[in-house]
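Student: Chain residues, written in single-letter form:
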Amino acid sequence: MPNPIKPDCSVVTTCAYCGVGCNFKAETHEGRIVRMIPWKDGKANHGHSCIKGRFAFDYYNHPDRIRKPMIRDSIDEVWHEVTWEQAFEFAARRFRRIQTRYGRRAIGAVSSSRCTNEEIFLVQKLARAVFGNNNIDNCARICHSPTQFGLSATVGWGAASQHFDSILQADVIMVVGANPTEGHPVFGSLLKRRVRQGARLIVIDPRQTETVRSPHVAADVHLALRPGTNVAVLDSIAHVVVREKLYNEEFVRARCEWEEFEHWAELVGSDRYAPELIGPQAGLDPEDIRHAARLYASGPNSAIYYGLGVTEHSQGSTGVMCLGNLSLACGMLGREGVGVNPLRGQGNVQGGSCLGSWPHVFSGYRFVTDDEVRGSFEAEWGVTLDAEPGLRLPNMFDAALTGHFRGMFIMGEDPVQSDPNQDHTIAAMREMECVVVQDLFLNETAKYAHVFLPGSSSLEKDGTFTGAERRVNRVRKVVEPLAGLQDWEIVVKLMNAMGYPAHYDHAGQILDEIARLSPAYKGLSFELLDRVGSAQWPVDENAPEGTEVLHRERFPRANGRGTFMLTEYVPTRERATDQHPLLLTTGRILSQYNVGTQTRRTANSRWHSEDVLEVSAEDAAARGIKDGDVVWLSSRFGATQLRARLSRRVNPGTVYTTFHHAETRVNVVTSDLSDWATNCPEYKVTAVEVSLVKPAGVEAAGRGEARHEPAVSTGEPVSGREEAHA
Amino acid sequence: MNALHEPLPPGPVNDPVLSMERLLGMANQIGDFFAPYPPARRAEGIRNHLRTYWDPRMREALLAYIDGGGSGLAEHVLQGALLLRDSEPKKGYYGPPKA
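One line per chain: the protein sequences are W and S, in this order. Take the first sequence: its letters are residues 1 to 726, numbered as in the working numbering. Take the second sequence: its letters are residues 727 to 825, numbered as in the working numbering.
Just so you know, these hints were derived from the structure itself, not from any lab. Keep in mind that this is a model prediction, so the values were computed, not measured. It is possible that some hints are incorrect.
As the list claims (entries may be wrong) - To give an idea of the interface, some chain W residues facing chain S are shown, with a C-beta separation under 7 Å as derived from the structure:
#, residue
1, Y247
2, E260
3, S270
4, A399
5, L482
Stated by the list, open to error - Pulled from the structure, derived: some chain W residues nowhere near chain S, Cβ distances all over 10 Å:
#, residue
6, V212
7, D370
8, D540
For each residue, glycine too, the CB sits at the ideal point set by N, CA and C.
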């Protein structure tokens with residue numbers, strides 16, 4: 001049937017799903033979006049798109065959208081609709097009351113990578129300048145905080161060294177703990193294109209992902225390691241590089257701190273990292289480790305792409321350092337076709353990292369403890385700022401349970417669903433006296449909120465996103481905000497209600513302020529982006545239209561040299577036991593996005609209507625489980641039910657699931673362990689047991705039926721609007 | 727219908743900002759990372775990390791615990807934490823612990 005709707009207007013904007021940052025031409029008819037056309041001049045996507053960006057836009061107009069602000073005295077009451085002014089006044093009064101009673105550090109804020117750079121920057125300003133503390137964090141805490149830590153430590157900047165197109169000059173591609181064909185599909189296609197042209201492919205992932213094998217593409221080496229052994233395996237690869245002298249001595253001597261290299265070479269070169277010792281621990285053939293090391297070191301251009309399979313571990317930051325060390329040792333930085341590149345899960349994770357939504361650094365990754373840097377913000381903002389680091393998101397919850405933390409502003413984030421050890425998060429939420437949630441929908445966290453501020457989707461506001469390749473791209477308002485205000489306007493009004501006189505005529509003025517306060521964003525403005533389309537930071541007098549490849553002549557460290565960190569393998573405390581003999585790891589699927597707030601409200605759910613548990617045939621047989629059976633998935637933290645799928649993608653001993661559906665409540669099961677440096681949760685390793693819910697022969701609940709009772713332990717039963725849409 | 731939740735009592739709370747168990751676990755994990763460095767750098771790495779990443783109340787709680795004996799903390803974590811009491815201010819930094 002021909003499309004009967006002829007668009008009457010169109011706007012070029014940036015997709016809000018993954019970190020690729022595709023440009024789309026959003027077409028509207030009488031103020032409603034009718035079509036998203038991949039934009040041919042988009043520098044990240046060159047006219048390509050995936051099924052999320054292209055088709056999953058209808059969530060913005062879903063009946064579940066909240067269109068009026070709401071408040072309530074306690075979380076046991078029903079919501080009351082109020083005016084914007086009443087909501088701001090209520091929130092401001094409660095926040096100030098908490099600070100009067102318990103001190104200025106008893107409240108904090110969390111922003112989201114679904115929000116624009118301008119909004120993220122404003123939320124940190126809210127915390128620092130208005131709350132008067134540094135209790136500000138963002139959702140990168142639970143995904144890529146180790147990237148910032150690990151790459152800053154070795155190569156100087158916590159960001160991708162390359163632009164996406166650089167991969168077309170790579171001879172060897174190493175993908176670690178990422179599945180770009182599902183998670184970052186447009187980049188995944190580029191990767192596959194390069195492999196079809198002859199590039200060699202190394203994949204390090206416990207699961208046989210689509211990236212490992214798909215039509216016309218197969219990895220030369222797949223290291224299907226046991227979850228939790230990343231650092232051991234990466235150190236073992238480094239061992240081979242050192243012992244077989246495959247490193248690039250000329251590069252290391254010219255560009256790096258040679259003494260630190262020698263310390264590192266001594267550590268990884270020691271016998272304990274020999275593939276013959278590490279292989280059996282990690283479930284790998286030692287020869288495969290050697291093969292991967294030789295391939296990577298031989299290049300001539302080798303590029304690393306990695307994801308949350310590296311970061312979401314108790315040694316997540318160490319794993320990132322391993323990648324930084326390896327690329328420096330082999331001289332794989334500073335030109336096209338090489339590099340170390342985090343694949344960012346959400347549209348603006350890179351921006352969230354850049355723009356100071358962290359308790360310890362301002363925008364540009366500069367410490368709040370640095371008097372000079374802090375002074376520049378104090379001069380611009382006209383207030384004295386706290387010189388001490390604040391609480392990280394998980395520590396805010398910890399401190400709520402000791403009574404030190406009582407109020408939280410949460411923008412575009414759903415920690416109750418997305419953070420680990422859900423019962424702990426819920427217990428902490430219940431202790432708070434004022435939780436303000438700004439979101440599109442009544443999410444799981446809103447069940448514990450006192451104020452709900454109806455936010456705007458990325459289709460309803462102006463600003464910028466920074467993609468995984470450091471590309472700053474314009475987000476343009478396609479339709480009017482459904483609740484009347486753009487997200488940045490809501491934050492400004494809350495600041496005003498709390499007595500701080502912020503004012504901006506439009507979002508571009510916030511980017512101007514960012515540029516004044518952040519060296520890498522110095523040259524950015526709406527005018528520049530409207531003229532050149534998009535630009536990769538750093539954008540400054542040396543690179544007025546941006547920088548495609550970092551580290552060409554020097555590394556952004558005080559002495560200009562890259563350096564090496566000592567990456568000893570420390571096994572996680574999370575171990576398989578007799579009670580929980582399997583290891584659970586998690587991931588994403590092409591058609592859905594993260595906790596599903598958006599994609600579950602679109603027709604994309606037809607492709608993925610529920611989360612399933614992938615189990616090897618061996619583990620299933622040992623437990624009497626057949627394909628399609630409903631099973632209990634239990635850990636020492638809790639238990640939930642989902643449907644089992646027998647799969648060759650996972651090795652015996654490992655099970656895998658996605659986390660797109662709230663009802664699955666996978667995070668009831670995940671552990672409270674976290675990265676040593678950043679507290680990024682260890683989502684990728686949880687010791688579990690899987691058992692049949694119904695005895696063999698009894699037919700499991702059919703697809704499409706109401707969900708099985710979801711979870712045990714202390715959490716709230718799933719109820720309310722989210723379930724109504726399940 | 728849920729029973730009304732009783733919040734924690736109002737007023738200043740004198741307990742540590744995070745449970746000591748949690749703080750000790752975090753501190754020892756940091757110690758594990760810096761363990762391969764020579765002793766002086768090991769302690770300095772721990773100091774820099776605690777100073778630049780930990781909320782001051784977390785640091786104070788850790789130091790108070792050390793004053794009470796510090797049992798359960800690795801020796802080099804204890805030494806690194808005590809460097810926080812040196813009066814000479816040092817700038818935070820990324821990268822290997824400075825010698």
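Student: Hey, does the W:S270 contact hint survive, CB to chain S under 7 Å?
Tutor: Nearest chain S Cβ about 10 Å off; hint violated.
Student: With a cut-off of 7 Å on the beta carbons, see whether W:Y247 makes it to chain S.
Tutor: violated (18 Å)
Student: Double-check W:L482 for me: the hint is only fine if its C-beta lies closer than 7 Å to a C-beta in chain S.
Tutor: Given a least distance of 31 Å, the restraint on W:L482 is violated.
Student: Confirm or reject: W:V212 is not an interface residue toward chain S, with every Cβ-Cβ distance exceeding 10 Å.
Tutor: holds (31 Å)
Student: Taking the least C-beta to C-beta distance, is W:E260 closer than 7 Å to chain S?
Tutor: Since chain S brings a Cβ to about 5 Å from W:E260, closer than 7 Å, the hint holds.
Student: Would the least Cβ to Cβ distance between W:D540 and chain S come out above 10 Å?
Tutor: holds (21 Å)
Student: Closest CB-CB distance from W:D370 to chain S, is it above 10 Å?
Tutor: Given that some Cβ of chain S is not farther than 10 Å from that of W:D370, nearest at about 6 Å, it is violated.
Student: Double-check W:A399 for me: the hint is only fine if its C-beta lies closer than 7 Å to a C-beta in chain S.
Tutor: At about 5 Å, which falls below the 7 Å cut-off, the nearest Cβ of chain S leaves the hint on W:A399 intact, so it holds.
In this structure, the hints that do not hold are numbers 1, 3, 5 and 7, in rising order.
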